[in-house]
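Protein chains: 2
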Amino acid sequence: LSFQTHLESVVAQVDGALVCSVMGFDGIAVQTHQVQGTDELELSTALIEFTNVLSQLKNAAELLKTGGVQEISINTERVTTLMRLVTPEYFIVLALKPEGNYGKGRYVLRVTAPKIRAEL
Amino acid sequence: LSFQTHLESVVAQVDGALVCSVMGFDGIAVQTHQVQGTDELELSTALIEFTNVLSQLKNAAELLKTGGVQEISINTERVTTLMRLVTPEYFIVLALKPEGNYGKGRYVLRVTAPKIRAEL
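Chains as they are written, first to last, in our numbering: chain A, 1 to 120; chain B, 1 to 120.
Hints are computed from structural coordinates only; laboratory data are not their basis. We put the CB at the ideal spot given by N, CA and C, even for glycine. Be aware that one or more of the hints could be misleading.
[Unchecked claim] Straight-line distance between alpha carbons at most 30 Å, and here's what the computed DSSO-like set of lysine-lysine pairs gives:
hint	chain 1	residue 1	chain 2	residue 2
1	A	Lys97	A	Lys115
2	A	Lys115	B	Lys115
3	B	Lys97	A	Lys104
[What the hints assert, rightly or not] Incomplete in silico selection of chain A near chain B, CB under 8 Å:
hint	residue
4	Val69
5	Gln70
6	Ile72
7	Ser73
8	Ile74
9	Asn75
10	Thr76
11	Glu77
12	Gly103
[Stated by the list, open to error] Every beta carbon over 10 Å from chain A, so not counted as near; a handful from chain B, in silico:
hint	residue
13	Gln4
14	Thr5
15	Gly16
16	Val111
From just these sequences and the hints, can you work out the full model?
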């Protein structure tokens, strides 16, 4: 079992999922799984916006590292981003289409975080 | 009509709402409406955690100000915080109990933001 299995499972379980990564607080992805979309144009537009959000990740990462914050969501018109703390050094991030299943995404990250933690 | 009416309406519509504020990006609340809770202990515990989250607001505010980010959610064990951009200078923030109606909260902030914008 590897991170990859967990990331594939997250993307498979959540309608509208685009990409899921385990990342360090330095902003470097340890492992990433990107959905193979049918609507390539919609997918690439959302992924461009996701990359823009990631460029602002440093501020969000600071929030996750301080205090008891466990989950952050950053939403734009084209992409919904959920981030959840895994360890003091790593977090998991899931990007969804705006019409994706946000509640399911939150749930799946909550149950997946301890599984990834166990392998770090 | 004033901000107060809108804030009261948000709190009344969302199950588990604790407090709703219009704030400037300097972190100063323009107007606040706090629910009169029946379970005072639960309420005050969540409000203490909300205040802790607010102390980390500067990072979140930076995110809202940059790029196309319209909504941020910062969640801890005891409180769920939704922030939504109103104008480049102001945002609305709603604190909920963790078991509160998060989806309804997002919806109500989305429809309330333009009403508040119209009065700023």
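Cross-check of the supplied hints:
1. Lys97(A) <-> Lys115(A): holds (25 Å)
2. Lys115(A) <-> Lys115(B): At roughly 43 Å apart (the allowed maximum being 30 Å), Lys115(B) and Lys115(A) break the hint.
3. Lys97(B) <-> Lys104(A): Measuring from Cα to Cα gives roughly 19 Å; hence the hint holds.
4. Val69: holds (6 Å)
5. Gln70: holds (6 Å)
6. Ile72: holds (6 Å)
7. Ser73: At 4 Å from the nearest chain B Cβ, Ser73(A) passes the 8 Å test, so the hint holds.
8. Ile74: holds (6 Å)
9. Asn75: With a closest approach of 4 Å, the Asn75(A) hint holds.
10. Thr76: Result: holds, 5 Å to nearest chain B Cβ.
11. Glu77: holds (6 Å)
12. Gly103: Holds, about 7 Å.
13. Gln4: holds (27 Å)
14. Thr5: Holds: least Cβ distance 26 Å, greater than 10 Å.
15. Gly16: holds (15 Å)
16. Val111: holds (15 Å)
The earlier numbered hint that this structure contradicts is number 2, and it is the only one.
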